[in-house]
Amino acid sequence: MVNIRKLSVSVEGKRILTDVNLHVGRGETVVLFGPNGSGKTSFLKTIMGIPQYRVESGEIIYKGEMITKSSIDERARLGIGIVFQHPPAVRGVRLRDMLRLCMEKKGTFKEERINEAAEKLNCTDFLDRDVNLGFSGGEIKRSELLQLLVQNPEFVMLDEPDSGVDLVNINLVGRVINELLEKDKREDKRTKVGLIITHAGYILDYVNADRAYVMLNGTVRCSGNPMDVLEDIRAKGYEECVRCRM
Amino acid sequence: MPNVTVKDKAKNAEKKPAVFGPDLDLASYSIKAKEHEEIQRLTGLTDEVKEQAATVGIDAEETCRAGSFFQMDHSVILSSAYQSGLEVMSTTEALKEYEWLNDYWWKAVQVDADKYTAQAELQQHHGYFLRALPGSRAEFPLQACLYMTGEGLAQNVHNVIVAEEGSELHIITGCTTSQHVRSGLHIGVSEFYIKKNAKVTFTMIHNWAEDVAVRPRTGTIVDDNGVFMSNYICMRPVKTLQMYPVTYCVGENATVRYNTILFAPEGSNMDVGSKVFLKARGGRAEVIARAITKGGAIVTRGSLIGEVPGIKAHLECRGLILSERGSILAIPELDGRVSGVDMSHEAAVGKIAEEEIQYLMARGLTSDEATAAIVRGFLDVEIKGLPEHLKEEIKKAVDLGEKEERLL
Chain A
1 MVNIRKLSVS VEGKRILTDV NLHVGRGETV VLFGPNGSGK TSFLKTIMGI PQYRVESGEI
61 IYKGEMITKS SIDERARLGI GIVFQHPPAV RGVRLRDMLR LCMEKKGTFK EERINEAAEK
121 LNCTDFLDRD VNLGFSGGEI KRSELLQLLV QNPEFVMLDE PDSGVDLVNI NLVGRVINEL
181 LEKDKREDKR TKVGLIITHA GYILDYVNAD RAYVMLNGTV RCSGNPMDVL EDIRAKGYEE
241 CVRCRM
Chain B
1 MPNVTVKDKA KNAEKKPAVF GPDLDLASYS IKAKEHEEIQ RLTGLTDEVK EQAATVGIDA
61 EETCRAGSFF QMDHSVILSS AYQSGLEVMS TTEALKEYEW LNDYWWKAVQ VDADKYTAQA
121 ELQQHHGYFL RALPGSRAEF PLQACLYMTG EGLAQNVHNV IVAEEGSELH IITGCTTSQH
181 VRSGLHIGVS EFYIKKNAKV TFTMIHNWAE DVAVRPRTGT IVDDNGVFMS NYICMRPVKT
241 LQMYPVTYCV GENATVRYNT ILFAPEGSNM DVGSKVFLKA RGGRAEVIAR AITKGGAIVT
301 RGSLIGEVPG IKAHLECRGL ILSERGSILA IPELDGRVSG VDMSHEAAVG KIAEEEIQYL
361 MARGLTSDEA TAAIVRGFLD VEIKGLPEHL KEEIKKAVDL GEKEERLL
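One line per chain: the protein sequences are A and B, in this order.
Heads up: the first sequence begins at 1 in my numbering, then just goes up one per residue.
Heads up: the second sequence begins at 1 in my numbering, then just goes up one per residue.
Pulled out of the complex, with its shape left as it was, chain A reads as follows (with noise of 0.2 angstroms):
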């Protein structure tokens, strides 16, 4: 469903990714590991078609379809949604209106819908402040969080969904993904693919993940269980894991 064949990007002339490939099936969660800097942001950035990230060369392929030159919007409609890790507040956009506009657009508009997800994320009071605007860590997430259940893409892709979450909210964050991925599913009934990032790997304690990536430097070098890769990780540091498994 989608289909990273040798990506290489730049940002302002310098080169942050460099041929990487990547396969998410139908139904399927990925997790990408790799430390700060290796480029794990920069890679969902490119994937949502964020300009400034530009593709030197290769191709994102997405339900077939070659997005490489879509806009933002254009794949925000053909399905793929993000958690931002580092979202901007919108200063005198209220949450609510910016779900309500989103949603009119694409003719889904119901009230009830915006009150019952900010209902499961124990949010309610969020909808009527300005998007993002003196938010904390956690509650950004869940803001983000609120909004990609309000989007219901076909493709997650969340920027470490774990980081500056307290133990309370972790274990909403994790329902909530599992219901974003439809991990109560069957497996084979499963259609929401997912991509999740993550730098100290918490959140798979509470959603399972189908394999694991490991992002060093720009490039990916290897991949596997994620259980098995992420205890690799935690016993030796990246460098060492990925030696050992190359």
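Note that these hints are calculated values from the structure, not bench results.
Computed spacing ranges between beta-carbons, pair by pair:
id: 1; chain 1: A; residue 1: E111; chain 2: B; residue 2: E324; range: 38 to 44 angstroms
id: 2; chain 1: B; residue 1: L322; chain 2: A; residue 2: E111; range: 28 to 34 angstroms
id: 3; chain 1: B; residue 1: E266; chain 2: A; residue 2: R5; range: 44 to 50 angstroms
No residue lacks a Cβ here, since even glycine has one placed at the ideal position from N, Cα and C.
Put chain B on the given structure of chain A with help from the hints.
The following block gives chain B in isolation, referenced to the frame of chain A:
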């Protein structure tokens, strides 16, 4: 020493340029206006006038209005109050009826402030007198329209608003020209007197033409526990608009809030500020401005003067530059004259952050839709304490400006 009369002072200031804004040649405007006949109700206005007046919040049906005042050029064509406890008439008439009005005449604005105040005195063309009697509370707003139909005409009005003790008054003032008018000069002196425990909300909407010059001169005096909320919206072209209304919070716990929303298209020059003197304990002031330029030049000023301890005041100015040309100069001033004042300001001028647009696009909006949502949010000043239908009028004026000026 001989007594210096108001007229003398005005004569002495006849050529005095204003501190801010381009200096205008008053002689280039005509002071001869066509006479207009009185009407009984605003429904008697022509459709063209009704339509134009509606763009500045004037409801010809008067369904949710406590009274109306309508001045066309130099003729007052209607003044009526529909609720007991409220008075609506021209200031010319009011000066005849109430001798005490002289005690309020040029007391909140100086007659010799500049050539425009001088002209308003020397060649006054009426203006409105609005008064809420002690304890009266207007459920609906009074509406006042200052309308110009003559090409190149000068309209010099002097308004006085008195909210007596314990009263509450909501006013919507709309100033505009006929659609065929291109140029003209509007000078509007407004003096507000807000007595103990009284509250006034004043919402002024302007819709001028490309070559009209506008010089409002406003002063407000707020007594103990009085509240003054002033909302100003100008979303349409104007050649030059310069105003710097001043409020004097002289009573304890006097509160004032200014909200200003400006949009300057190409060719428009706006210099708009708000100044508040906090002269008694417990005084509160908030000055909020939102300015957008799409080619026009905006100066947005704000000045807070804290003269006694125990006052609190905040100034906020945000500006958006939506085109290559156009400028916004924000000048916030805080003048604390004693210790124990709590004053702050924040100002930001720039373009819309690309990151915010991209963020909304990632949720499925196009670039234009994302920009529109951000601009609309930018202009959506949360105005607490304003009746719903006045909020609606402000929203309508902002929406109309967005549409007509292709802001979005």
